[in-house]
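Participant: Next come the chains, spelled out residue by residue.
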Amino acid sequence: MKLVFSSRLLDVHLPADVRLEQVSEGVYKLSDSESLVCIMRDGVSVWVSEKGRTFRFDPAFAAAEESDKLLRAPMTAKVVKLAVSKGDELNKGDLVAILEAMKMEYRLEAQTEGVVAEVGCQVGDLVDLGQTIARLSPLKTEDP
Amino acid sequence: MKHLPKTLLVANRAEIACRVFKTCRKMNIRTLAVYTPSDIGCSRHMLEADDAIEISNYLSINEIVDAAKRTNAQAVHPGYGFLSENPQFADRCNAEGLVFIGPSGDSMRAIGDKSRARQTADAVGVPITSGLGPFTNVAQVVQAVKQIGLPVMLKAAAGGGGKGMKLIQSFENIEDVAEAAQRETASAFGDDRLIVEQYLNPVRHIEVQLMADGEKAIALGERECSLQRRHQKLIEESPSMAVSNETREKLFDSARRIAESVGYKGAGTCEFLVTSDERFYFLEVNARLQVEHPVTELCTGLDLVQMQIETAFGKPLPAQNAVNRTGFAIEARLCAEDPWHGFLPSAGRILFKRFSNEVRVDEGVDSAVSPHYDSLIAKMIAYDSTSREAARLKLIRALEDSAVIGVATNQEYLIKLLQSVEFQKHETYTTTVDAFQTAPDPPSETALRAAALIMRGPTKPSNAVFEALGTWRLA
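Those protein sequence lines, which keep their order, are chains A and B. End of the first sequence = 163 in my numbering, gap-free, step of one. End of the second sequence = 476 in my numbering, gap-free, step of one.
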């Protein structure tokens, strides 16, 4: 599996039997390691803190494109609410969709202002990590 | 002795306000916080007080005095920074019948103002570096630099915390640097006067914690705080490994003489620069409680905030020989700043924080780091009764067992400083941090796998879920 750290694309080998076990809120242990890691989601990014070092990772799709215009599913999840339709004008921070996985809801919000150019899913869909939920195009500005 | 206050207002925020409240609770004193609207969600201090009053600014003397009077507070603790070394504030509190937990306005003027403090030290025979000022005019500053000779340090006459401090090593752009120093000190203390001092290198920063009752002063031990960036301390420890007992006693004696000569009352710190051959020079007095006071508390077993309050209400000080110092304490300041990019402050949301419970942790941040105030997130202080090395290892472990997610922090940098050969061999000088070459570690395999597993999300319900459910089934 690929992910982005510090603008570099890294390939992570995931043995099939490695699992994450939750110890307490935000605190996990890998099934093949003794050390604890703290993990938090932040939009499409994932922060991991281990042994006093904290790293922010982005999904592979964030490497090459205008990620603020393209709203992707940050995880494999079910779409429980779609708050926008094609043509809607959005401000930064407006709700676009609510996704749910493992009984945890995730609010997908516009990272920038724009017009909804495309909606890539429907309520009830199971979307994959990285699947486009919505694409924004820039707001039309009046010519001076 | 007057009766201790029933209610005490803390004219400060975040960890130091929380720290003072903690002692107040122990002493059964009702606590009153003041807070600015922008601090809601950033600082937790207003949530920990018995009552809280909104003000527009932590520098607003009128609003703070008014808040104290409206709530029948009898005492005001200024914490550090903000109004803590402002003589008008101390005078105003006392004039309004509020007990200011700190020195009088007059002794602050004599000791808190850097240029007058130097005269005070000189008058009681404590060595000082050559220096001139205060100046309000850049041309005068340049003239003074020429007179003393390069290199020099520009400093705010009015306060500490590294605000307005600039090292001058050449005459190039000197006016710009002096103006920048003036702007910084004006915005930090409402006072733009600068002093010019000879710059010594290599030196250690060693300070003496004092407590005084207006006549007599006692020394509660020294702290070495040589590891600084932008003239703000990162790591502090006690005892200093760099001074002999003889020098230590001389430092204590010098500090007491300075305090006693101005009738100092309350907690204060006398700072010195100490050379490798143990010559020392008076630097300044911080007329307040300092950030790093827990180091002294762990070595002496004393509660300095309690002593401050009791001293302000007339309780006699313990005798100097009743102060016992044992063991080794090291403090690290965990700050929201990026050590790999010039220690730039990093404000923003804190998504997650968790601190080790193996060491003392003083903190007061809520769920965000405010862009308006200091970048300190937490102080972590390790103590060991037998060795500095054990305290060092304990602090490293505690930093490794803690996590702050959401803003850049100096956590890893602190670990690397504590692991450095320089720190291990206590070869620490005020320039050590600037010269320290280090880079962040790349993510470990564990961190990468953890991120990948979370990012990939549940492809199917994991076995762990079914194991946890036992004989129950999903509805």
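Treat the hints as calculated values from the structure; they're not laboratory data. Because the structure is a prediction, the values reported are computed rather than measured. Heads up, a few of these hints could be off.
[Claimed, not checked] Below, simulated DMTMM-like cross-link-like pairs (lysine to aspartate or glutamate); rule was C-alpha separation at most 25 Å, straight line:
#  : chain 1 : residue 1 : chain 2 : residue 2
1  : A       : Lys21     : B       : Glu446
2  : A       : Lys48     : B       : Glu359
3  : A       : Lys21     : B       : Asp442
4  : B       : Lys417    : A       : Glu53
5  : A       : Lys48     : B       : Asp442
6  : A       : Lys48     : B       : Asp177
7  : A       : Lys48     : B       : Glu97
8  : A       : Lys48     : B       : Glu173
9  : B       : Lys147    : B       : Glu173
10 : B       : Lys316    : B       : Glu97
11 : A       : Lys88     : A       : Glu132
12 : A       : Lys111    : A       : Asp61
Participant: Compare the structure with each hint and give your call.
Facilitator: Hints versus structure:
Between Lys21/A and Glu446/B the CA atoms are separated by roughly 13 Å; this keeps the pair inside 25 Å, and the hint holds. For the suggested pair Lys48/A and Glu359/B, the alpha carbons sit about 20 Å apart, so the restraint of at most 25 Å is met. This hinted pair checks out: Lys21/A and Asp442/B have alpha carbons roughly 20 Å apart, not beyond 25 Å. A C-alpha spacing of about 22 Å is found between Lys417/B and Glu53/A, which places the hinted pair at or below 25 Å, so the restraint holds.
With a C-alpha separation of about 20 Å, the suggested pairing of Lys48/A with Asp442/B holds against the 25 Å cut-off. Straight-line distance between C-alpha atoms of Lys48/A and Asp177/B comes to about 53 Å, which puts the hinted pair past the 25 Å bound. For the hint pairing Lys48/A with Glu97/B, the CA-to-CA distance comes to about 57 Å; that exceeds 25 Å, so the pair is violated. A hinted pair counts as satisfied when its Cα atoms are at most 25 Å apart, and Lys48/A with Glu173/B does not qualify at roughly 55 Å.
Using a Cα cut-off of 25 Å, the hinted pair Lys147/B and Glu173/B holds, with the two alpha carbons roughly 13 Å apart. Taking the CA atoms of Lys316/B and Glu97/B, the gap is near 22 Å; set against the 25 Å cutoff, the hint holds. For the given pair, Lys88/A sits about 9 Å from Glu132/A by alpha-carbon distance, which is consistent with the 25 Å threshold. Straight-line distance between C-alpha atoms of Lys111/A and Asp61/A comes to about 16 Å, which keeps the hinted pair within the 25 Å bound.
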